[in-house]
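**Q** Since the structure of chain B is already known, use the hints to place chain V on it.
Quick note, the sequences are listed as chains B and V, same order. Everything in the first sequence is counted per this note's numbering, starting at 101 for the first residue and increasing by one. Everything in the second sequence is counted per this note's numbering, starting at 2 for the first residue and increasing by one.
Please keep in mind that the hints were generated in silico from the structure rather than gathered at the bench. A couple of the hints might just be wrong.
The calculated BS3-like cross-link candidates involving lysine-lysine, where the alpha carbons are at most 25 Å apart (straight line), are [claimed, not checked]:
| # | chain 1 | residue 1 | chain 2 | residue 2 |
| --- | --- | --- | --- | --- |
| 1 | V | K343 | V | K250 |
| 2 | B | K478 | V | K11 |
| 3 | B | K412 | V | K11 |
| 4 | V | K165 | V | K243 |
| 5 | V | K253 | V | K348 |
| 6 | V | K54 | B | K478 |
| 7 | B | K222 | V | K255 |
| 8 | V | K276 | V | K247 |
| 9 | V | K11 | B | K485 |
| 10 | V | K348 | V | K247 |
| 11 | V | K190 | V | K114 |
| 12 | V | K11 | B | K452 |
| 13 | V | K303 | V | K343 |
| 14 | V | K243 | V | K161 |
| 15 | V | K255 | V | K343 |
| 16 | V | K348 | V | K276 |
| 17 | B | K485 | V | K54 |
| 18 | B | K485 | B | K452 |
| 19 | V | K255 | V | K348 |
| 20 | B | K452 | B | K478 |
| 21 | B | K261 | B | K528 |
Here's a subset of chain V near chain B, in silico, CB distances under 7 Å, partners left out [as the list claims (entries may be wrong)]:
| # | residue |
| --- | --- |
| 22 | V10 |
| 23 | K11 |
| 24 | G14 |
| 25 | A42 |
| 26 | P79 |
Just so it is clear, CB atoms sit at the ideal spot from N, CA and C, and this is done for glycine as well.
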Amino acid sequence: MAEEPAVKAAEEIASQLGEDRVLLEDLDRSAYSYDASGIHAIPSAVVRPSDVEDVSFIVEAANRYGVPVIPRGSGTSLVAGPLPIEGGIVVDMQMMNGILDRDDYSGLIRVEAGVKVLELNKVFPDRFMPINPDGAGFSTIGGLIAEDAASPLSAKYGTMKDLVIGVEVVLPSGEVVLVEQPGPPSKWNALGLMLGSEGTLGIFTSAYLRLPLKPESRRAFMIEFSDVSDSITVQNTIEKEGMGVTGFEVYHNYREVVEGGGTEAIAYLELAGKEECVDLWSSRLSGVLDSMEIQHEEADLEDASDIWIKRKGIYEIARSRESAIKVVSMRVHPHLVRDAVQEIDRTGSRMKLPVVTVFDPPLGWVMAIFLYDPINEKEVERTEKAAQNVISRTVSLGGSVGFGTGVGVNRITSDMDEGFVNIFSKVKEALDPNWIMNPGKLIER
Amino acid sequence: MVEFPEQLVKELGRCIGCGACNIPCPMFHVEDLRETEGARARIKLLSMLSYGKIELTEEFLSYTFTCMNCGLCSNFCPVGIDVFRAIVGSRSALIDMGYVPLVTVGMRDVRRKTGSPIGDRITKGVWLPPDFQPEKGADLLFFAGCWVHTVPEVALAANKLLQKISERVVPAGTNEPCCGGLVYVIGEKDSSEESRDELRRFLADLSPQRVVSGCSLCANMFTDLGMKDLASTIEEVLEEGKIRTKSLKGKKNKVFLVPSCRSNGASERILRSIKNANVLEIPEWVCCDCGATLIYQAEPEKFDRWLGNLLDIASNMDADYVIIEEVACYSMIYEALEGRNKVRGMKIISLPSFLLDHIS
Chain B
101 MAEEPAVKAA
111 EEIASQLGED
121 RVLLEDLDRS
131 AYSYDASGIH
141 AIPSAVVRPS
151 DVEDVSFIVE
161 AANRYGVPVI
171 PRGSGTSLVA
181 GPLPIEGGIV
191 VDMQMMNGIL
201 DRDDYSGLIR
211 VEAGVKVLEL
221 NKVFPDRFMP
231 INPDGAGFST
241 IGGLIAEDAA
251 SPLSAKYGTM
261 KDLVIGVEVV
271 LPSGEVVLVE
281 QPGPPSKWNA
291 LGLMLGSEGT
301 LGIFTSAYLR
311 LPLKPESRRA
321 FMIEFSDVSD
331 SITVQNTIEK
341 EGMGVTGFEV
351 YHNYREVVEG
361 GGTEAIAYLE
371 LAGKEECVDL
381 WSSRLSGVLD
391 SMEIQHEEAD
401 LEDASDIWIK
411 RKGIYEIARS
421 RESAIKVVSM
431 RVHPHLVRDA
441 VQEIDRTGSR
451 MKLPVVTVFD
461 PPLGWVMAIF
471 LYDPINEKEV
481 ERTEKAAQNV
491 ISRTVSLGGS
501 VGFGTGVGVN
511 RITSDMDEGF
521 VNIFSKVKEA
531 LDPNWIMNPG
541 KLIER
Chain V
2 MVEFPEQLVK
12 ELGRCIGCGA
22 CNIPCPMFHV
32 EDLRETEGAR
42 ARIKLLSMLS
52 YGKIELTEEF
62 LSYTFTCMNC
72 GLCSNFCPVG
82 IDVFRAIVGS
92 RSALIDMGYV
102 PLVTVGMRDV
112 RRKTGSPIGD
122 RITKGVWLPP
132 DFQPEKGADL
142 LFFAGCWVHT
152 VPEVALAANK
162 LLQKISERVV
172 PAGTNEPCCG
182 GLVYVIGEKD
192 SSEESRDELR
202 RFLADLSPQR
212 VVSGCSLCAN
222 MFTDLGMKDL
232 ASTIEEVLEE
242 GKIRTKSLKG
252 KKNKVFLVPS
262 CRSNGASERI
272 LRSIKNANVL
282 EIPEWVCCDC
292 GATLIYQAEP
302 EKFDRWLGNL
312 LDIASNMDAD
322 YVIIEEVACY
332 SMIYEALEGR
342 NKVRGMKIIS
352 LPSFLLDHIS
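Bound-form chain B, shown alone (with noise of 0.2 Å):
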């Protein structure tokens, strides 16, 4: 049953926007319940407003009924980013989906929150978005840069922060703001305390981005790692010679979990840049490997482009035993990856469940990825004791939870980040004195 205020916003937000626009029937709210998190919270309501002045009129009205308040896209979040999990009123982003302006030359576009990856990659065909979090493109702008989500080409291109220039964001209030500079961010502003606020603070209603050229040459490599501390090395000789990488990611446990055995790594690592250039570091890299005795061969590049940006090899793992899959994300120092890799292993061990390790070294970006049975009880409630014991084990490690993927449910607490939970609060005081935007993600109250 919905809550009487929840019902009441959601009564005068339909006078507004229209009855059509605004859901309230069971079967709707349900399908607004989930994401890729696993969890499930039923909204009050669900709205779906056409632009900004929707937004604002929603947010304002939800506001004065002390009502939370949910921005979602497309809903692909893995830490219930957009569900309602201390009630409230989803807003669906997905209809404000337009192209607002394009610049060919320079690659600066301004977008609705709502557009998808997969529509913003048909704009430009020499540019492209190298942050596909769900693989198929069906991610929203406005979600990427809430969570700050990040790709295996991250390594080159930064996470989604790196490629915004501005935001429109509907504030707690119902105001809306422009948080943008007339030229590239050349001093301290507003945009890094709204980018990757995971909907705490306000609803992103357009952003300004820049989207990067395709490189000219690119060449991949498939190497077997039989060490996963080899890759630490690999990367630290990269990183000395100043080598062009694109992406870098290690599959820990793949063969084993996935072929049934094998080497103790896998990984997929890509050069790119001017031909010359690549030739010579590829020439590098491949001296690199000899010397150290580490099994590589030249990797097609449409397989790469598969690992970076449908994340095959991650599918390919919920894939190969018809298993339900949990996914925690964390980032450390790239020195203790060895280290976070062999916590992620002896949880696995512990609570009975297979386990493959991705990790991007120049990042030192972590994800454990359990896999489970969703039809065993036990098991379920195992992975996700695996998932808490792998995030608690990752702090201890000094590591950090929720990169590329935003913290969500999983919260940052004192105990974690001291200074930022204080200084965040106060800030979130600030702007959202009741807390209706979205709450229960990211900090506790």
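**A** Just chain V now, kept in the frame of chain B:
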């Protein structure tokens, strides 16, 4: 509580919720990207139903049974769930448990009485001589498919087209059984098997060299029947060089193809081989075949929105022709447009009729 078979519960539970299956989902796009209408919601809500997290209501039952039945969702799942098969399997399981929505009861009854789930709206073989009986051992048997009987001109065009590739084309005639494809997608597996058995016996009795199906749902969903869809057949003969395409004359050359949902791409390749034809790029979710019948009959306003959306896209692309591969789809659109074959300056035409003029 609804108890689905264990394997089905597991398959539904494997969904990682990425939403990739919504990308080609026609209902999701036509209903303004509303999550409820997409393939992901169907899988997720069925999974929630199997865990008792939501109740089975009349509304939910009807929802489970009505989509375009295109099956494109299965091609997009990154973790290998056959999304469409899981939806169809859930429908079957619900029917087995006695939860049957009225619309499927209607189709089942009509099939029992007439041999076809749409038997109440067709007169088979009106395009054939009154005393027509198919001869046995034909070189090419033309299995028209149920819907084609509502548009005799398309049946005739397809028959003539096939005569260009074989001297002995024999239509299956008025006793042509339904292949069971439509009742299969609505979860009536027993009824579907009965139909297929009947069709097998029918084909065995006529023992043709080969069978070409006007209904691509039948040919491509039940490959064991040994039928080939019309476009694949034409493409094969084009490749052999026995026939060739003719150039599309005039400046009006922009072609918007509505392929069969089970197309292997043959229809598009044929059109691209026609000189001067400018075949437009279509969105991932544009396709249609006999599987759309349920929504056409149960929720005609949704079908109309789908059609309106399709025509908007074609019109915005300045299409001169909207070519519909599937005869069932063409029949439904023909009826929905009340027999008009020209809309907003675009000619609405079936693939067999178009090819008849552009193949020699």
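**Q** Hint by hint, say whether it matches the structure.
**A** Hints, one by one, checked against the model:
1. V:K343 - V:K250: 18 Å, holds
2. B:K478 - V:K11: 14 Å, holds
3. B:K412 - V:K11: 22 Å, holds
4. V:K165 - V:K243: Holds, at about 9 Å.
5. V:K253 - V:K348: OK: K253 (chain V) and K348 (chain V) at ~10 Å, within 25 Å.
6. V:K54 - B:K478: 18 Å, holds
7. B:K222 - V:K255: Judged against 25 Å, a Cα distance of about 21 Å means the pair holds.
8. V:K276 - V:K247: Holds, because 7 Å separates the two Cα atoms, which is no more than 25 Å.
9. V:K11 - B:K485: The hint holds at about 21 Å.
10. V:K348 - V:K247: 19 Å, holds
11. V:K190 - V:K114: Holds - the C-alpha atoms of K114 (chain V) and K190 (chain V) are around 17 Å apart, at most 25 Å.
12. V:K11 - B:K452: 19 Å, holds
13. V:K303 - V:K343: 22 Å, holds
14. V:K243 - V:K161: 15 Å, holds
15. V:K255 - V:K343: 15 Å, holds
16. V:K348 - V:K276: Cα-Cα ~19 Å, so holds.
17. B:K485 - V:K54: 22 Å, holds
18. B:K485 - B:K452: Satisfied, since the Cα-Cα distance of roughly 11 Å is no more than 25 Å.
19. V:K255 - V:K348: Holds. K255 (chain V) to K348 (chain V) sits at ~11 Å (cutoff 25 Å).
20. B:K452 - B:K478: Judged against 25 Å, a Cα distance of about 11 Å means the pair holds.
21. B:K261 - B:K528: 20 Å, holds
22. V10: 5 Å, holds
23. K11: 5 Å, holds
24. G14: It holds, given that the least Cβ distance between G14 (chain V) and chain B is near 3 Å, below 7 Å.
25. A42: 4 Å, holds
26. P79: This hint holds: P79 (chain V) lies near chain B, its Cβ roughly 4 Å from the closest one there, short of 7 Å.
Figure legend: structure checked against the earlier numbered hints; every hint is met.
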